[in-house]
Each structure stands twice: as C-alpha cells, then as structure tokens.
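**Q** Residue-level listing of the chains:
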Amino acid sequence: MPVQQILEWLENTPLAQAVAESPVLFPMIESIHVLAITFVVGSIAMVDLRLLDFTARDQKPSRIAADILPWTWGAFIVAVIAGSLMFISQAEKYFANSAFRAKFVLIALAGINMLVFQLITGRDIQKWPDGAKTPLRAKIAGGLSLTLWVGVVACGRWIGFTMFG
Amino acid sequence: MTSSLQHFVDWLAKTPVSQTIQKVGWIIPTVQTIHILAIAAVVGSMVLLDLRVLGIAARAQSLSSVSHRLLPWVWRALIVLLLSGLVMVTGEPGRSLVNTIFQVKMALVMLAAVLTFFLQRDLYAHAASDAASAGAKTIAAFSLALWVAIVFAGRWIAYGDTLFGAG
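Sequences listed follow chains A and B, in order.
Last residue of the first sequence: 887 in the numbering used here, with the numbers rising by one and none dropped.
Last residue of the second sequence: 184 in the numbering used here, with the numbers rising by one and none dropped.
A few of these clues could be false.
[As the list claims (entries may be wrong)] Now the stretches of chain A that chain B is said to cover, found in silico as 3 or more residues with beta-carbon under 8 angstroms:
hint, stretch
1, 752 to 759
2, 770 to 780
3, 815 to 825
4, 870 to 876
5, 879 to 885
[Stated by the list, open to error] To give a feel for the contact side, a few chain B residues facing chain A, derived at Cβ under 10 angstroms:
hint, residue
6, S62
7, L68
8, R86
9, V168
10, W173
11, A175
Worth flagging that the hints you see were computed from the coordinates, not collected in a lab.
Here a beta-carbon is modelled for each residue, glycine too, at the ideal position from N, C-alpha and C.
Working from the sequences, and respecting the hints, build out all of it.
**A** Quick look at the structure:
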C-alpha cells in the first residue's frame, strides 16, 4: 500500500527520528502545539460567541472577526507545523489511531463550516445593522464551530491517552 | 516536610473519591479537556489583551472596551482551572503534589494571578485613556510570558520522570 510506504519513509527521515528519540524535543514540540491550539480555540471561541450574540455586542461581528482571525491563522500554522513534527515521529501509529482520524474529520468539518459561512451564509456580514441581533444562520455557524472545536480538543487529549497509555 | 506531604499523598490516593476518579475511565480525560478549554480562554484573552495593550491589534476597539470584555473571562477561566485541577490532583496526587514541576507551575500560577490583578487595576483606573501606561505594558508582557511558561510546565508534569528520573 503506497500510504504505508509513505508513512514508513516519513518515520525514517532524520527529522522524524530526532523527534522520536529525543526525550526533550518531543515534549517541547508538544508544548508548543498545545500553546498554539489554546490560542486557536480561544480566539475562535471569541468570534463564535460574537456570532451567537453572547459577548462584545458593542462591536460589529465583522470587526471582531477581522481583528482576531489573522492571529488565529498564525497560531493555526504553528500548530500544524508542531503537529506535523510529532506525526512523522510515529507516522504509522498516529495514522492508524482512531482518535487521530476523528480529530482530522472534526477539523475538516470546522473548516467547511467556516467556508460556508464566509462564502455563502455570512457573505453579507458587513451589512448587518448595528446593534441588531445576529441572524440565525450566524448563530448556527458560531454554535457549530464551538462544538466542533471542543470535539477537536477532546480528540487531541484522547490521542494522548491511546498513543502513550 | 517532604515526608508529611508524601504521607498526605498516600492517604489521599486511598480515599474513595480519589479511587473513583482513577477508576472511572472517562473522568480524567474529560476533566483534562475542560482544563485545556479553560487554558484556551486564558491564553486567547491574554494574548489579545496584550496585543491591544501594546497597540498592535484591534486598534479600532478602545483599550477600555477590550480590557473590560476580556479580563473577566481570565478570572472565570482561572476558577474553572482550579476546580478541574483539584479533581486531577485528587485523582492522581502522586503525579502532582510531590512533583517538582507541578509545584513550580502552582507558584507561577499564583504569580500570574497577582500580575493580572495589578494589570486590571491599572487598566481600569485609566479607562479614559486609549494608550496603556508603560507599567501596564510591562506587566502585560511579563504575565503573558508567565502563562506560556505555565502551559509548558503543565505539559511537562507528565514528563517529570524524564527530567528527574523515575520516582
């Protein structure tokens, strides 16, 4: 199976072996990953809570999103890099882990939810009247996003339990 | 003093509540997830507050509205962190209470809480100003560094054996 060969190849790279064998490197990379994801989840939660009309009602939702999301993306990239380094160190085992797979499904769903909102249901976000409640489609997007990201965090923790006992 | 802490740990580990937390499989992962979500609230709030204090982000929002919106979340999250932490410590006292990294983390948390208090006091007292004082900027930067260190320490509790040998 070509996938298995790719995974094996990844595991045998010097980088992957360095991460796998160092008692310090893996925990450091993991800590950076945790730090990055806490900002990703925390910052997305702020945007979602605004879409749900729970917080920051003195600011337009488009303002909240514009101020926060560029930083979210930056942290997300850091999380992906750190996650990739951890992944290659035990590529076959991670790939076969059901919590790991579930996590990626949930991240993909969160991404699709965001795209649908940005491109379709929330396209008119700039035109929402000041001070009015956010439309139902915004609340659905925000609520779905929060739920999915909580699931991602839970899966992430579950990976830790199932990979390392 | 160390041995009386060890005695307390040994006693706590045998209590019914501790045994329940250890044995019911979903408790510790669930509480850890809650703990991480609360950390997300703290890190998200403190990073954004610091970016605004330093004038780097969200400049269209007043410093006062940002600080008044975000700081309460830090305190709420701290309560959740302490409660979830209490469950974890009760369930695994040997892994935490006598672990040096855990003790360091607790000291850092107390320091971060004190700094957050002073930061809030400064920002709220100068709510009419849109520029943070040099003092506020310093506290903000330092407290953020502390929260980063706390996150690292939190993860490293699990690796205590790596640093100090199995014990």
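**Q** Count the residues of the stretch 879 to 885 of chain A whose CB lies closer than 8 angstroms to any CB of chain B, then report whether that count reaches three.
**A** Coverage by chain B holds here, the residue count being 3 at a Cβ distance below 8 angstroms.
**Q** Would you check chain B against the stretch 815 to 825 of chain A, counting CB to CB pairs closer than 8 angstroms, and say if three or more residues qualify?
**A** violated (count 0)
**Q** Residue count check for the stretch 752 to 759 of chain A against chain B: does it reach three with CB-CB under 8 angstroms?
**A** Holds: 5 residues of the stretch 752 to 759 of chain A have a Cβ under 8 angstroms from chain B.
**Q** Does the CB of B/L68 sit less than 10 angstroms away from some CB of chain A?
**A** 7 angstroms, holds
**Q** Is the listed coverage of the stretch 770 to 780 of chain A by chain B valid when you require three or more residues with a beta carbon under 8 angstroms from a beta carbon of that chain?
**A** holds (count 3)
**Q** Quick check on B/S62 please, does its C-beta sit within 10 angstroms of some C-beta on chain A?
**A** Holds - the Cβ of B/S62 comes within 10 angstroms of chain A, reaching about 7 angstroms at its closest.
**Q** Holds or violated: the stretch 870 to 876 of chain A covered by chain B, criterion of 3 or more residues with Cβ-Cβ distance under 8 angstroms?
**A** Since three or more residues must qualify, the claim that chain B covers the stretch 870 to 876 of chain A holds, with 3 doing so at under 8 angstroms.
**Q** Does the CB of B/A175 sit less than 10 angstroms away from some CB of chain A?
**A** With a minimum Cβ separation of about 8 angstroms from chain A (threshold 10 angstroms), the hint on B/A175 holds.
**Q** Can we keep the B/V168 interface hint, with Cβ of chain A closer than 10 angstroms?
**A** 5 angstroms, holds
**Q** Does B/R86 hold up as a contact with chain A if the rule is Cβ-Cβ below 10 angstroms?
**A** Holds: closest Cβ of chain A sits about 6 angstroms from B/R86, inside 10 angstroms.
**Q** Let me know if the C-beta of B/W173 comes in closer than 10 angstroms to any C-beta of chain A, holds or violated.
**A** 6 angstroms, holds
Going through the hint list in order, the structure does not satisfy hint 3, though it satisfies all others.
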